[in-house]
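**Student:** The chain contents come next:
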Amino acid sequence: MITVKNLYKDFGKNGEIKVLKDINEKIEKGEKVVIIGPSGSGKSTFLRCLNRLEEPTSGEIWFEDELITSKKCDINKLRMKMGMVFQHFNLFPHLTVMDNITLAPVKLLKKSKAEAEERAAELLKRVGLPEKAKAFPGQLSGGQKQRIAIARALAMNPDVMLFDEPTSALDPEMVGEVLEIMKELAEDGMTMIVVTHEMGFAKEVANRVMFMDEGKVIEQGTPEEIFSSPKSPRLKDFLSKVL
Amino acid sequence: MMKNKTVKGILKAFAAVILIAAVIFAVVLFQLKSNKFSGEMTVEKASQIIDETFENLPETVSAVAKFVQANTTVKVNDFAFGSEKNVILDCTYETVNLGGVVEKNASKYINSAYAFYKENTDKGVKTNATKIKQYVAKDVEADVKEAEKLSGNVKIEIFETENENYEVYLSDEVVNTVFGGIIDAHKIITGTDSAEYEGEQVNISKLNTLKTGIKDCFTLKNYSKSRPDTSIPIVKLWNTLKFDFTRNFITEGRYMYLVKGLATTLEITALAVLLGIIIGFIVAIIRCTFQKTGKLKLLDGICQVYLSVMRGTPVMVQLLIMYFVVLLPIGVEKFPAAVLCFGLNSGAYVAEIVRGGIMSIDNGQTEAGRSLGLTYIQTMWYIVIPQAFKAVLPSLANEFIALLKESSVAFYIGVADLTLGGIKIRSITYSNYMPLIAIALIYLVLVLGLSKCVSILERRLRKGDNR
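Chains as they are written, first to last, in the numbering used here: chain D, 376 to 618; chain C, 276 to 742.
For the record, the hints were derived by calculation from the structure and aren't laboratory data. Just so you know, not all the hints are guaranteed correct.
Said to hold, decoys possible - Only pairs whose alpha carbons sit at most 25 Å apart, straight line, appear in this in silico BS3-like list of lysine-lysine: (1) Lys567(C) <-> Lys388(D); (2) Lys401(D) <-> Lys606(D); (3) Lys509(D) <-> Lys567(C); (4) Lys380(D) <-> Lys456(D); (5) Lys738(C) <-> Lys446(D); (6) Lys388(D) <-> Lys572(C); (7) Lys570(C) <-> Lys447(D).
As the list claims (entries may be wrong) - Sample of chain D residues facing chain C (criterion: CB under 10 Å; computed from the structure): (8) Arg423; (9) Asn426; (10) Asn451; (11) Arg454; (12) Met455; (13) Leu470; (14) Met473; (15) Pro480; (16) Leu483; (17) Lys485; (18) Lys486; (19) Leu537.
Ideal placement from N, C-alpha and C gives every residue a C-beta, glycine not left out.
All chains, please: the whole structure from these sequences, using the hints.
**Tutor:** Dropping the structure here:
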């Protein structure tokens, strides 16, 4: 579904900060890939390159049979198929929960207002917040905000969902409710790429865990392989710190 | 807590109002005091002044004409408010901009005065200055009526006070014209017993009659209208204020100058702010786009030049250039010129305010919008701009207030705004403090009221801010 070839990403004026170094990956439909690794390892950058929120320095990214990294590609069309959930939720504070969810479907999928709202109500039910339709984001807790953000991304009926540390900005007691929604989503067969520090979630949900460090994928495999019998010393070191 | 604050606010406002009132009262008092006079104007003194005037007259006729225009007024005004300070020559000539008419027709009045004088002396009729004055005044009145299409109303009133200190009410223009004319006529005939007038040699032998006539003017023999004001000083002050107020605002509905002016000022400000907001937002979006994405480099350059020019030159100069250099040649009216100028000027300031607002919106908002598939423009329009607008609304309202005050320079190109309304009243009544303080007060009330609205708006917005 997504193929990444020789992906490089530099930051700084002369590209002196190399964040991603030659990433080659293939993500299949229905896969749940969890990316772990120390901070600064390039996990988020990699995820953000997939929908070109970060412009890759070089390399190719294919989404199904389209080359995302080409200049000719209509990235906005592709982004509609790739939902994204952010660490800081990024709900639109000037709009109600309902408008947050329906804005993109109405403007981009040319759905009627009623149609979009019907779907939004469904999604709100799914994330367990049907009563919050009229609320503003400022009136919600962090966990509720993130659930709304998930609903907002789902409203576009994406083929793949990108999660960029979705629980890192949450109070500990709210992490669970968000992970629960994500688990349900995984069970429904959604293709998911998740950057997270929640090892429990990785063990439980992932088909594949990817360990990144210093801009490279050091090791990957099933959760058992990664967590029970890590091979590289860096992964061992990392796991000893987080588990 | 809330109530306490409100009380405090009211007390503060009250204190401010009292302070302002005190300042105004002091100014008014000072004004009135400076108009108070002492000493006595006697017939001898008046006579002496007239004699001095006559002696100081220049030699040639052209010099006389200049002298009449430049100095007579001063002489008479000095006479009224200067060292003697005993006689008030107050303008009750009710029309606008008489000066031009008098200048244009000065020689006509002179000739007319002379002809009248000659006709009467030929007949052997005694002519005095009063008669000449009345005769010329008719001409002035007619000319003014014709020129201004207004009911020019020459009132020459001389009031006698109780203690025989005279209060003379004369229009400055009439004083100019009449005395200028008489003095000029005299100059033509003085020094010789004969002078050439329209190719005819005219014999003049009764110069003293003229002199006496002018003196008569000051001895007030022909005026017996008396208006004794024997009230105690505070009442007198009140009466003066009332008289000035009536004269400046009530007579002939002069307050309409202020009302219409205020409407124009508000119209200019509102339209200019609207234009400014449109321009400001466009410029701000272009600049932010360049800052964030590096696109639109050329447009950003143009915007930067626009900002530097608009913020680096005085609005007054911009207004003059906009109207006289750019728009007048292509036949644009004053009002749209003012709106355009203030709109462009305000646009530059609004642009910087809005740019700050847009930059203050978290980048995550743009990312969230873009990640859903919205285009850059859609993200700007549906997500960033509404938030930025809310954030800068108080600043925009303050810009409106600033512009309201700034628009007062519009009078310079002749837009009949509030300021020009005050100036017009002033040019009619020759009263300084009443109309000027009136317009200042109107601006002040507007600005204070609007500022209050802005602070309420700010509080509301903060309450609604749930981020």
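**Student:** With a cut-off of 10 Å, does the beta carbon of Met455(D) approach a beta carbon of chain C closely enough for the hint to hold?
**Tutor:** 4 Å, holds
**Student:** Quick one, is the Arg454(D) hint okay against chain C at 10 Å, beta carbons?
**Tutor:** OK, holds: Arg454(D) within 10 Å of chain C, min 4 Å.
**Student:** Holds or violated: Asn426(D) as interface residue toward chain C, Cβ cutoff 10 Å?
**Tutor:** Given a least distance of 6 Å, the restraint on Asn426(D) holds.
**Student:** Just to be careful, I want the Cα atoms of Lys388(D) and Lys572(C) compared with a cutoff of 25 Å; is the pair within it?
**Tutor:** 19 Å, holds
**Student:** Hint check: is the beta carbon of Met473(D) less than 10 Å from a beta carbon of chain C?
**Tutor:** 15 Å, violated
**Student:** With a cut-off of 10 Å on the beta carbons, see whether Leu483(D) makes it to chain C.
**Tutor:** 5 Å, holds
**Student:** Against chain C, is Leu470(D) within 10 Å by beta-carbon distance?
**Tutor:** Holds, about 8 Å.
**Student:** Take a quick look at whether Lys738(C) and Lys446(D) sit within 25 Å of each other, Cα to Cα.
**Tutor:** With Cα atoms ~45 Å apart, Lys738(C) and Lys446(D) exceed 25 Å; violated.
**Student:** Does Lys447(D) sit within 25 Å of Lys570(C), going by the straight-line distance between their CA atoms?
**Tutor:** 17 Å, holds
**Student:** Does the closest beta carbon of chain C sit nearer than 10 Å to the beta carbon of Lys485(D)?
**Tutor:** 12 Å, violated
**Student:** Does the closest beta carbon of chain C sit nearer than 10 Å to the beta carbon of Arg423(D)?
**Tutor:** It holds, given that the least Cβ distance between Arg423(D) and chain C is near 8 Å, below 10 Å.
**Student:** Given Lys486(D) as an interface hint, is the shortest Cβ-Cβ distance to chain C below 10 Å?
**Tutor:** Constraint on Lys486(D) not satisfied, violated at 13 Å.
Comparing the model with each numbered hint stated earlier shows that hints 3, 5, 14, 17 and 18 do not hold.
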